[in-house]
Amino acid sequence: MPKVTSVIVPYATYLRVYEPLAAFPEPERSHWARYARRTDRPSYQDELRRALADLAPTPPVAVPVHESQDALVLDVDGVVCVCPWRTRLRGWLALDELSEELPPPVMDAVLPPVLRRQASQDYERWLAINPDARPWIRTATWQVPINWFVLVSDEEREYDKGASVDSPPVLRYRTPMVQARRRVARGLRALKEAMDEGPLIDGLVDVGRWLEEFHPRSLVELDYGGLVHAVPAGALEADHSAADVAEGIAALRRGDGAAAGKAYARLVERWRSVRDLRSAN
1 MPKVTSVIVP YATYLRVYEP LAAFPEPERS HWARYARRTD RPSYQDELRR
51 ALADLAPTPP VAVPVHESQD ALVLDVDGVV CVCPWRTRLR GWLALDELSE
101 ELPPPVMDAV LPPVLRRQAS QDYERWLAIN PDARPWIRTA TWQVPINWFV
151 LVSDEEREYD KGASVDSPPV LRYRTPMVQA RRRVARGLRA LKEAMDEGPL
201 IDGLVDVGRW LEEFHPRSLV ELDYGGLVHA VPAGALEADH SAADVAEGIA
251 ALRRGDGAAA GKAYARLVER WRSVRDLRSA N
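Number 36 in full-length UniProt numbering belongs to position 36 of the sequence shown; there are no gaps in the numbering.
No lab work stands behind these hints, which were simulated from the structure alone. Predicted, not measured: the structure shown is a model, and the values here were computed from it. Cβ coordinates follow ideal geometry from the N, Cα and C atoms, glycine included. Wrong hints could be hidden among the right ones.
To be verified - Each pair of labels, with its calculated beta carbon distance range:
| hint | residue 1 | residue 2 | range |
| --- | --- | --- | --- |
| 1 | ARG38 | ALA133 | 18 to 26 Å |
| 2 | GLN121 | ARG186 | 40 to 48 Å |
| 3 | PRO105 | ARG186 | 38 to 46 Å |
| 4 | PRO64 | THR141 | 17 to 25 Å |
| 5 | THR141 | GLU197 | 21 to 29 Å |
| 6 | GLU193 | PRO216 | 25 to 33 Å |
| 7 | PRO60 | TRP126 | 18 to 26 Å |
| 8 | VAL65 | THR141 | 21 to 29 Å |
| 9 | GLU124 | ARG272 | 37 to 45 Å |
| 10 | GLN143 | HIS31 | 31 to 39 Å |
| 11 | TRP126 | ARG275 | 30 to 38 Å |
| 12 | ALA238 | THR141 | 16 to 24 Å |
| 13 | ARG38 | ARG266 | 36 to 44 Å |
Whole structure, please, built from the sequences with the hints as guidance.
See below:
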């Protein structure tokens, strides 16, 4: 499958769930089994390039007309696990989020109201037929949400500094679903005992509910994605954000607010430089 462009898109990070083939009903299971045998499967960067290319025409294509038939595939201890892209569904969800982030004049310039209304109507009709639909991939821009780090452990960190353009840096975590759910439950207990409410608790509750939708033998992956290209190599290699989050939660559990504050401060300082890139010219 030809690539739209070779340009690296640097700003997206991902939280993915890979489900075993047994989790999919027929005929989808057979489709993914055949797909997994392909040697020309596109990458996550190919999906992002296509989405950006759709925004270039006039008028732009806000959401793909047809759902993607592509996926990411992993072999987990001899079991084929699949993470469907579901680009169209994620496009609809992202459009709702974008409307909350951008001021109306900017939003209207990026995507005219008539296109957004049409996309919203298409989504409502589709959702009426597919009420239980959910994405296998969550995406964030210019950051890794703190609640994502609760799901993983520093021991599961995989870092490869890369050797060339064709072999770029990789920073990711992979953990079994049962372990991710266990960490969410423990993290929520510690946070709720230490504070009444807050965005970290709300985000963790939301992620926990999302994880419950999947097969218990799934694999959860936190991937820095293209953001590795926006972070200096030294800072990337020294990034142990999951360890900082785990240390902060452990400190809260034992009632040590000062230690929790220090862990949080390290995390904020590390990610401040990345967030600054978002508004840089």
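Hints, verified against the model:
1. Our hint of 18 to 26 Å for ARG38 and ALA133 holds, since their Cβ atoms are close to 25 Å apart.
2. Remark: the range hint 40 to 48 Å for GLN121 to ARG186 is upheld by a beta-carbon distance near 42 Å.
3. At about 44 Å, the CB distance of PRO105 to ARG186 agrees with the hint of 38 to 46 Å.
4. A hinted range of 17 to 25 Å holds for the C-beta pair PRO64 and THR141, which are about 19 Å apart.
5. At roughly 25 Å, the beta-carbon separation of THR141 and GLU197 lies within the given 21 to 29 Å, and the hint holds.
6. Between GLU193 and PRO216 the beta carbons are some 27 Å apart, a value that agrees with the proposed interval 25 to 33 Å.
7. The hint said 18 to 26 Å for the Cβ distance between PRO60 and TRP126, and at roughly 20 Å that hint holds.
8. Between VAL65 and THR141, the C-beta spacing of about 24 Å keeps the proposed range 21 to 29 Å intact.
9. In this structure the supplied range 37 to 45 Å holds for GLU124 paired with ARG272, their Cβ-Cβ distance being about 39 Å.
10. Taking the beta carbon of each, GLN143 and HIS31 are about 34 Å apart, inside 31 to 39 Å as hinted.
11. Separated by about 34 Å at the C-beta atoms, TRP126 and ARG275 satisfy the suggested range of 30 to 38 Å.
12. Remark: the range hint 16 to 24 Å for ALA238 to THR141 is upheld by a beta-carbon distance near 22 Å.
13. Between ARG38 and ARG266 the Cβ separation comes to about 43 Å, which falls inside the hinted range of 36 to 44 Å.
This entry satisfies every hint, going by the numbered hints stated previously.
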